[in-house]
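Number of protein chains: 2
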Amino acid sequence: MKKFINSPDTVVRDALFGFAAAHPDRLCVDVERGVITRAERPRAGKVALVSGGGSGHEPLHGGFVGPGMLDAACPGEVFTSPVPDQMLAAVATVSGGAGVLFVVKNYTGDVMNFEMAAELAAEDGIEIATVLVDDDVAVRDSTFTAGRRGTGATLFVEKIAGALAEQGADLAAVADVARLVNERSRSFAIALEAGTTPAAGRPGFDLADDEIEVGVGIHGEPGRSRETIRPARDLAARFVDSVLKDLPLSSADPTIVLLNGMGATPLLELYLLFGEIAALLEERGVVITRSLVGNYVTSLDMAGASLTICRADERLIELWDAPVHTPGLTWGG
Amino acid sequence: MKKFINSPDTVVRDALFGFAAAHPDRLCVDVERGVITRAERPRAGKVALVSGGGSGHEPLHGGFVGPGMLDAACPGEVFTSPVPDQMLAAVATVSGGAGVLFVVKNYTGDVMNFEMAAELAAEDGIEIATVLVDDDVAVRDSTFTAGRRGTGATLFVEKIAGALAEQGADLAAVADVARLVNERSRSFAIALEAGTTPAAGRPGFDLADDEIEVGVGIHGEPGRSRETIRPARDLAARFVDSVLKDLPLSSADPTIVLLNGMGATPLLELYLLFGEIAALLEERGVVITRSLVGNYVTSLDMAGASLTICRADERLIELWDAPVHTPGLTWGG
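In the order they appear, the protein sequences are chains S and D. Each step along the first sequence adds one to the number in the UniProt record's numbering, with nothing skipped, and position 132 is 132. Each step along the second sequence adds one to the number in the UniProt record's numbering, with nothing skipped, and position 78 is 78.
Only chain S is shown next, with the shape it has when bound in the complex (with noise of 0.2 Å):
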């Protein structure tokens, strides 16, 4: 294994220290609570967001705390839960007295975490509520979840559920919106190869030279199976027939489109990829009303993508546009 870093044991400790020296502006890196927060106190009144989840996954969820997304993030070790001692620590930094939405993407670790941070925080007076996402079709129950696993539709929620909460609408209304873009939300993903964490040493499964990985998990969990590489307007149809499978279209819904690296494929081959996709939605009468194509939700140095569709409507696009400045997603005045 060659990777920049110090020692296994210190991975995300030490990515801390350089997640703050790079945006002491922005944000603010607790790196003995393991909490990252923006730089500003917490607005009165607002809604605060606060996701996180194991590390690896980068630039999630660290790097869409900011203005018009998330208020916090609690990273946890590699691939590994955060504790619920980091989602209240978020919680008493970042309440602004208005409730706390946790965004909390569907794996077992998390889910309890989360949980029992939730009931902790209610006891202590603040009103928690809860999205669970989980968009990916690939498999029912994997490795570390029950049900579907949490994937793509992360950077949806919370980039609008964010959007809302920055104008002001109040706990119920941020979580309805956060729980619909779920709802409308599904991913896909194929691997080419595997990662590799830094305590394990070794890609986390093994693939034939030819070899790829269907259906993949964030984690390298297993899919739905292993087949032979095949051109990239293959693969596409793969990614939209499982997608377009679970989440029927017409050509009168706008749509969110997210073609994702996963960690340690090029953007030329994410860009080739996107445009045999586009070519298909559009053969398929599918509108492509807002894309993003790149790095978003990792899982480390794996070779591979996910694609993501949300089937919006004109409110969920207006709030998709809404401003948002992160270190991992900018746009807008």
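It cannot be assumed that every hint is accurate.
Taking beta-carbon pairs under 7 Å as the criterion, some of the chain D residues facing chain S (in silico) [what the hints assert, rightly or not]:
id, residue
1, Lys3
2, Ala21
3, Ala22
4, Met112
5, Met116
6, Leu192
7, Ile229
8, Arg230
9, Pro266
10, Glu269
11, Phe274
For the record, the hints were derived by calculation from the structure and aren't laboratory data. Please read these numbers as outputs of a predicted model, since none were measured by experiment. Backbone N, C-alpha and C define an ideal beta-carbon position, used for all residues, glycine too.
Got chain S sorted already, so can you dock chain D onto it with the hints?
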């Protein structure tokens, strides 16, 4: 080789279709002529910035086309210079009558082809200035280069000269600031794994399981030495020493620091490495005024990173901070 491609022969063309599909609102991609321009028509009296080079370094250069940065980019085949016809088509499209600045990385093919395009454009009465970027301190004269190679500083040049052009400065002033930025910038790169061009189908060079290439070029050109992998803090010292030896800095100098991933290195590792570099710079009394961490000047799926530092001044920082709206770099109102 496992890549999201259809055929090694059509990679760049296919990727340009995807690039067009991803950014229909902000860019025009002329796939046939191999030119990427801004969606809006050129502003009369504005100096136009045109860059380009071999593909495989995305988001450079096409991802840096947009308000505040480039007016056009000419993508060559993978690791191959664009041809003069591309630059001439770009000039014809974006010239606003105030002259055109060519931003050229110092590789023999690029230098020759941009020079030829400049001569032909001059015959058509269009004033052209050229800035050669040659910031990589690793080696003098390399596989494709006489003199130093052009790498990460290209982003600084395109951003800062682009900002000045946006403000309405004339060609001489824009070219001057571009050259100043190049003169004041130095880079150094380390590869952990080679990248694979689609045409070759195998890694550009071979490294043992514990071996790294110190001083590597962005096409996998040999660096200074093959060495054994070491902890990130030791490698950080190697980056910092190499750059500062060639670019002495005092604590009075504002700096812009880019820690750039080569394509397959996850953000988690880049942030970790940046933390070590930031700590070392602080020890040596160097102030990081602005920083950028991520994949900007890549080398297909090479694993590795490069450090670029610009010894700035107040004016250069102001130009750096000016708004920019491109697929690869965005900030400001």
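Quick check on the hint: D/Lys3 CB to chain S CB, less than 7 Å?
Result: holds, 6 Å to nearest chain S Cβ.
Per-residue hint verdict: D/Ala21, partner chain S, C-beta under 7 Å:
The hint holds - D/Ala21 has a Cβ within 7 Å of chain S, the shortest such distance being about 4 Å.
Less than 7 Å between beta-carbons is the criterion; does D/Met112 satisfy it with respect to chain S?
violated (24 Å)
With chain S as the partner, please determine if D/Glu269 meets the hint condition of a C-beta pair closer than 7 Å.
holds (4 Å)
For the restraint on D/Met116, tell me whether the closest CB of chain S is nearer than 7 Å.
violated (26 Å)
D/Ala22 was flagged as interface toward chain S. Is the shortest Cβ-Cβ separation under 7 Å?
With a minimum Cβ separation of about 5 Å from chain S (threshold 7 Å), the hint on D/Ala22 holds.
Does D/Ile229 hold up as a contact with chain S if the rule is Cβ-Cβ below 7 Å?
holds (5 Å)
Could you check if D/Phe274 really has its C-beta closer than 7 Å to a C-beta on chain S?
Constraint on D/Phe274 satisfied, holds at 4 Å.
D/Pro266 was flagged as interface toward chain S. Is the shortest Cβ-Cβ separation under 7 Å?
The hint holds - D/Pro266 has a Cβ within 7 Å of chain S, the shortest such distance being about 5 Å.
Supplied contact hint for D/Arg230, tested at 7 Å Cβ to chain S:
violated (10 Å)
Mind checking the CB of D/Leu192 against every CB in chain S and telling me if the closest is under 7 Å?
With Cβ-Cβ at 4 Å, under 7 Å, it holds.
Violated hints for the displayed structure, listed by number in ascending order: 4, 5, 8.
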